[in-house]
Amino acid sequence: MIIKYFSWIKEHIGKSEELIELPDDVKTISELINYLSNLNDDYKKVFVKKDLIKIAVNKTYCSVETKISNNDEIAFFPPVTGG
Amino acid sequence: MIIKYFSWIKEHIGKSEELIELPDDVKTISELINYLSNLNDDYKKVFVKKDLIKIAVNKTYCSVETKISNNDEIAFFPPVTGG
Amino acid sequence: MDQKKKIPVKIKIQINDFDVSKETKILQENQTGAIVSFVGVVRGFDEKINSVIESMTLEHYPGMTELEIKKIVKQSYERWDITGATVIHRIGKLLPTDQIVFVGVSSRHRQNAFDSCNFIMDWLKTKAPFWKVEENEHQKKWVDYNLSDDEAAKKWSI
Amino acid sequence: MDQKKKIPVKIKIQINDFDVSKETKILQENQTGAIVSFVGVVRGFDEKINSVIESMTLEHYPGMTELEIKKIVKQSYERWDITGATVIHRIGKLLPTDQIVFVGVSSRHRQNAFDSCNFIMDWLKTKAPFWKVEENEHQKKWVDYNLSDDEAAKKWSI
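Order-wise, the sequence lines are chains A, B, C and D. Quick note on this note's numbering: the first sequence kicks off at 1 and runs consecutively. Quick note on this note's numbering: the second sequence kicks off at 84 and runs consecutively. Quick note on this note's numbering: the third sequence kicks off at 167 and runs consecutively. Quick note on this note's numbering: the fourth sequence kicks off at 325 and runs consecutively.
The reader is advised that the hints may include incorrect statements.
Listed next, the in silico DMTMM-like pairs over lysine to aspartate or glutamate satisfying Cα-Cα at most 25 Å (straight line) [as the list claims (entries may be wrong)]:
1) 59/A x 474/D
2) 93/B x 301/C
3) 478/D x 51/A
4) 293/C x 439/D
5) 45/A x 73/A
6) 49/A x 461/D
7) 451/D x 25/A
8) 465/D x 65/A
9) 93/B x 212/C
10) 394/D x 73/A
11) 417/D x 353/D
12) 465/D x 343/D
13) 417/D x 17/A
14) 451/D x 41/A
Source of the hints: derived by calculation from the structure; they are not laboratory data.
Let's have the full structure, built from the sequences with the hints guiding it.
Put into structure tokens, the structure is as follows:
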């Protein structure tokens, strides 16, 4: 699974993109967030701000309940500020 | 008094502008319209379409009741179609 | 709202074409974030009279036109917080796809720019003394005014 | 409304500047009477954080940005009778008064052009994945999103 990070989330986590092998018991975005948060404090500090984070699966907005698989591209980013 | 005509009104009356000496008993736009309509048929044919004619005194919109004097510039024109 | 505030206002009635980029750039300055502009264009067919338009000629009432547009722009900047406004209207003979009118408004906030530009166009359509005559090889026809333009202006309830 | 109708749509994400005149001209064709365009510009001061902006850098999510803008434009032309739409958004480093975004919509009737351009901007502001960071000699600050942008988008009730 590819995970992409943008804006201040990218800076807090220290990378713009990473490849992970999705554990079998991680089946939703919500479970992925828990999994990452337990990896280290950088993730934890980002994901406690859950209300400020938007999520996309395969370049489409989704919610924390969305089901995911190892082939998906996930993105975490703040509310957008373009225009 | 200067009277200006625009668009199809100018074409029907056959001139874009004329100078007239305002008779003493013509004190409003309404009276001016009656006065002109009695001059000849060209005016009469235009001014029967009173509802389709806009009026300005000294370059400001006005109504048929507006008082006028010999120093004024009057204009008769159809509803505008610019933009 | 400060009734005395002055903003840069440019009003031109001209035969020549205008350059939308140049006019937009003039409206950009340090504290402007948004520019909304309207460009009106000569169409090649008049659906109301089902007729091809080969050319169009615009006449106006010199002096009164400028006064009326000034009034409309003044109402616009008294109502919305805008930083600049430009109105350019062409006169004379124009061909299909030619630009007729430019209305550009700048503001710190985009909705003010959208609303005041929309307002200026609606009022220009019903108040500024311009008249169009549409021409083709068979006829010359003064354009009838649109009742819907009166309705459009009314939505601003002034 | 014909759900299958196709109109010319141009969507570009680019580092380079754009030419408003050129983009407006592309939107003009025989049966278009009205073009409404929005230009967003970098401001030199951020009032919310009371800070001078010396430069701004825009990043985006390649691929998703284009998809989201396409969806917004599609909703726009399914809702209004428009004849063309162009969205150009710049990325990379920009300076005060630089142009950031162009949204242009053409239509036979001006109110459709005003409304759909306004709609596209409101939705682009809340959906298209761009992020701005404001820079000056003392700091680099990711721009906070505006709650008022969410409110603006809601007025279209979709």
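Which of the stated hints cannot be reconciled with the structure, identified by number in ascending sequence?
6, 7, 8, 11, 12 and 14
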